[in-house]
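The whole structure should be built from the sequences, with the hints applied where relevant.
Here the sequence shown is numbered in full-length UniProt numbering, starting from 1 and rising by one per residue.
Incorrect hints may have been included.
[Said to hold, decoys possible] What follows is a set of in silico ranges between Cβ atoms, one per label pair, in the way DEER data are often shown:
#1 ASP227 - GLY201: 29 to 35 Å
#2 ARG511 - SER624: 28 to 34 Å
#3 ASP184 - GLU545: 37 to 43 Å
#4 GLY293 - LEU269: 54 to 60 Å
#5 PRO518 - ASP45: 25 to 31 Å
#6 GLU214 - ARG248: 23 to 29 Å
#7 ASP213 - ASP355: 56 to 62 Å
#8 GLU247 - LYS209: 21 to 27 Å
#9 LYS290 - GLU471: 15 to 21 Å
#10 LEU269 - ALA458: 16 to 22 Å
In case anyone wonders, no lab produced these hints; they're calculated from the structure.
Even glycine gets a Cβ: it sits at the ideal position worked out from N, Cα and C.
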Amino acid sequence: MSKYLVIVESPAKAKTIKKYLGTNYEVIASMGHVRDLPKSQMGIDVEHDYEPKYITIRGKGDLLQTLRKAVKKSDKVYLATDPDREGEAISWHLVNALKLEEGKYKRITFNEITKTAVKNAIKSPRDIDMDLVDAQQARRVLDRMVGYSISPLLWKKVKRGLSAGRVQSAALKLIYDREEKINDFIPEEYWTLDAYLLAKGVKKPVVAKFYGDETGKLAINSKVQMDKIMKELKKASYKITEIKNSERMRKAPLPFTTSTLQQEASKSLNFSTQKTMRIAQQLYEGVEIKGQGLVGLISYLRTDSTRISEEADKAAREYIDKAYGSKYLADTQESRNKGKKIQDAHEAIRPAHTDLSPVIVKESLSRDQFRLYSLIWKRFIASRMKPAVYDMKSVKIAAGKYIFTASASKLKFDGFMSVYVEADFEKEEDSISASIDEKTELKFDKFDAIQHFTQPPAHFTEASLVKTLEELGIGRPSTYAPTITTILARRYVVKENKAIYITEIGTIVNRIMVAAFPEIVDTNFTATMEGLLDKVEAGDIKWKEIVRNFYPDLEQEVKREEENLEKIEIQDEVTDEICPNCGRNLVIKYGPHGKFLACPGFPECRFTKPYLEKIGVACPICGSEVVIRKTKKGRPFYSCEKSPDCEFISWQKPSEVKCPMCGSYTVEKGGKLVCANKECQKVVGEIPKRG
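This is the structure in structure tokens:
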């Protein structure tokens, strides 16, 4: 009887697939890659047309022996690694490592691990797609060239253990640039004015928002302007001049892609991108479901397509019709992909079994698995449902020459919202009663005038960073989570309450990269490179053409920077502080969180202490020196050297210049001195030139 061998990446996947195949099939996991470039060197033969020098990964020898024995016992080998570039490359490496003969092996893929999908894959084997393999080889080689060429320069300039990467450097620059915009942001004052009006026969007052005057929308930018408008309005009578009734539809969201799943899981579940992908992988590979055994619960998790197969679409529609009724069924399947290159061989991320609702599988899943599966299942079902419909009422109110507006909305048909509502959905507050019409008499009650200041751009979160990387074309579904994980692990950035902040080390690395290798950190260059990798996958370009065009320029830039570094003798900065253990002058060193003081007598003397850099400004509260400190995660801030006895703290660099309006201290923002008082925030003048 024939014996078949199926090789997958993970034991969980192996177990699930084994369940669907007969006793003639043996399923073994390769535990990911079996070959890679060596860690001890770049591993690319530049002299011989950039040929990669692949070696067996340490610790995989015994596994390969097991696989070779299994191959010998088998009539045919099926390579069933993941259905993407990396999965294709793993299969190709397995062919080479196991020395599989032509005709002995075939490649199979499936978008979901279900009995039907696995059986169909076995019936439709194919050859290894070398275009996919070459796209992955190109990515690996390019990233290795950047990392192994530039990282040693960072070791010389800053400290050992730092690294540079093609995608991570572009992502770091995005974070740095956002931080600069936030730090340089100068707030502008503006006011909002609400008029509370009493309507005859209506208990709830009308809250009318100031819009403008007869000429159009009018911004209120100062208290003087606000006082003038309110003075004129107090003499006015308030009259409804226009009522518009309309209907507004809120469309159902599309099913998840990798990017949108990571964003929504971050916003609604507070998952990191890495955690989202780890749990999604578990759901894809298979979970033990009571009464059913191992079941793959979702389709493949690395995709940028929103397409859904006809079978899955039909199953969802049947479920909706049965559970909610035909009036909830969407008319057609919709798919939006913004015209960009997508891996359309994949579907969107969806449940593998629509009938396995979250309630049915809840007892079999961990809390986090259940929460992520619920999100995916609900989003998919919602995507096949009709839009939500609102009845809208908007009212225009005249008060002399000024105009106010008010509005109300009422949910008429919940549509997809009966199943799923996005995490960032905000319901608008109604400011009028539904019973109000053109004849309703209004009587002025009171004003609510509030001073505001424009806010700086928000710090990146993992969700917003993934969204930006996707919009700019930097990286692909498989790279978002590893990129963010890497810059966090290197302590180039830290996370505090979801927000991502750049650290001192991250700032230094970014500045070096921008100065020495501007092309590497340029987002357009990185996106163009991703486009070229897509062309390799499509078979339009040979992968070595990209490398041949890229490496010589990189090599030249690295040599130039090495020469520049050789001219600079990089020494530890000696301070006046004395080591209490051995009497030497302490020096400034760089650690994972930035600068610290250490004894130069290391390893004999291991004394260290935090480095508090004075900025030459007196504390606004007690007159002591202001120093730069860092949070536990490495984010810099300014405080008094006598902290915690003195409570002064600021995220912006303080100045000794006082605000002439309110007497508060000022801070440096965008080349200006701005009052630190939140109720003032006036621009006081230019930052004085130092020295």
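Each hint tested on the structure:
{"no.": "1", "hint": "ASP227 - GLY201: 29 to 35 Å", "in the structure": "33 Å, holds"}
{"no.": "2", "hint": "ARG511 - SER624: 28 to 34 Å", "in the structure": "30 Å, holds"}
{"no.": "3", "hint": "ASP184 - GLU545: 37 to 43 Å", "in the structure": "41 Å, holds"}
{"no.": "4", "hint": "GLY293 - LEU269: 54 to 60 Å", "in the structure": "27 Å, violated"}
{"no.": "5", "hint": "PRO518 - ASP45: 25 to 31 Å", "in the structure": "28 Å, holds"}
{"no.": "6", "hint": "GLU214 - ARG248: 23 to 29 Å", "in the structure": "27 Å, holds"}
{"no.": "7", "hint": "ASP213 - ASP355: 56 to 62 Å", "in the structure": "60 Å, holds"}
{"no.": "8", "hint": "GLU247 - LYS209: 21 to 27 Å", "in the structure": "22 Å, holds"}
{"no.": "9", "hint": "LYS290 - GLU471: 15 to 21 Å", "in the structure": "42 Å, violated"}
{"no.": "10", "hint": "LEU269 - ALA458: 16 to 22 Å", "in the structure": "19 Å, holds"}
In this structure, the earlier hints numbered 4, 9 are contradicted, and the remaining ones agree with it.
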